[in-house]
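Asker: Listed below are the residues making up each chain.
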Amino acid sequence: MLCAAGDKVIAEWDTDEISPDRLTEIETEFKEKMAAGWFAVDIHDKRNKLIREFDPDAEILLIPRVQGG
Amino acid sequence: MEEQLAAEVKAKNLLRRILPETQWEQFRDTGVLEIHGSHGIYRISPCDLTRVLDAQTRQPRARVCLQLTVPAPVNDRIIAEYLLIQNDEDFYWQTANVFPAVLHNRALVEFLLSALDALLLVLLFSRLQG
Numbered sequence: 001m002l003c004a005a006g007d008k009v010i011a012e013w014d015t016d017e018i019s020p021d022r023l024t025e026i027e028t029e030f031k032e033k034m035a036a037g038w039f040a041v042d043i044h045d046k047r048n049k050l051i052r053e054f055d056p057d058a059e060i061l062l063i064p065r066v067q068g069g
Numbered sequence: 001m002e003e004q005l006a007a008e009v010k011a012k013n014l015l016r017r018i019l020p021e022t023q024w025e026q027f028r029d030t031g032v033l034e035i036h037g038s039h040g041i042y043r044i045s046p047c048d049l050t051r052v053l054d055a056q057t058r059q060p061r062a063r064v065c066l067q068l069t070v071p072a073p074v075n076d077r078i079i080a081e082y083l084l085i086q087n088d089e090d091f092y093w094q095t096a097n098v099f100p101a102v103l104h105n106r107a108l109v110e111f112l113l114s115a116l117d118a119l120l121l122v123l124l125f126s127r128l129q130g
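Respectively, the protein sequence lines represent chains X and Y.
For the first sequence, my numbering assigns the number 1 to the initial residue and increments by one for each residue that follows.
For the second sequence, my numbering assigns the number 1 to the initial residue and increments by one for each residue that follows.
Read the hints as simulated data drawn from the structure, not as lab findings.
Don't take every hint at face value.
If you anchor each label on the Cβ, the simulated ranges turn out as follows [as the list claims (entries may be wrong)]:
1) S114/Y <-> R52/X: 43 to 51 Å
2) A55/Y <-> I18/X: 43 to 51 Å
3) E2/Y <-> D21/X: 46 to 54 Å
4) K31/X <-> F111/Y: 35 to 43 Å
5) E110/Y <-> A58/X: 17 to 25 Å
6) Q67/X <-> C47/Y: 56 to 64 Å
On the chain X side, residues computed to face chain Y include the following (Cβ under 7 Å) [what the hints assert, rightly or not]:
7) A4
8) G6
9) D7
10) I18
11) P20
12) V41
13) N48
Bear in mind that the values here come from a model prediction, so they are computed numbers and not experimental data.
In this text, a Cβ means the ideal position worked out from N, Cα and C, and glycines have one as well.
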């Protein structure tokens, strides 16, 4: 996710090995960010597509809420 | 200071990962990221407001300001602008502050004269009442 340090990794997983509970935790965090007005973009291989739903196969970049400056 | 510099480098590396190679090279060489959208051509700079040009004439249409709501390196702002313009340009326009491309000198003079007129009128009324 984007942050004051540039960006930081908040979760990494292997879809073949991750437990369902851990995946649910990550999804819950994703949903909380989305509810707070954040954006999620799948940046894997420069796809750069906005996503609204959690996709465990995506490389997700979370972008904080934006405003006019 | 070192942390800030490290953050800028990290954000720039992420920007490089996200941008297509040709756009990255343009940004690296010119310091400006140019994006073609349905509202025109966006020129995003790390040190200035984003400028929107007419796609046909390249005449300035507007200046646009969009910020992250958290402190972040300037290249993170560029990442956010790039991804929003690519994915949801209408949202970008609804959210950003949009300013006229150029404030003509004549418009500025007219505005200042009108403000002066209003001020003199207020002073006149206050004297008449006093």
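Asker: Return the numbers of the hints above that this structure violates; sort them in rising order.
Answerer: 3, 4, 5, 6, 10, 11
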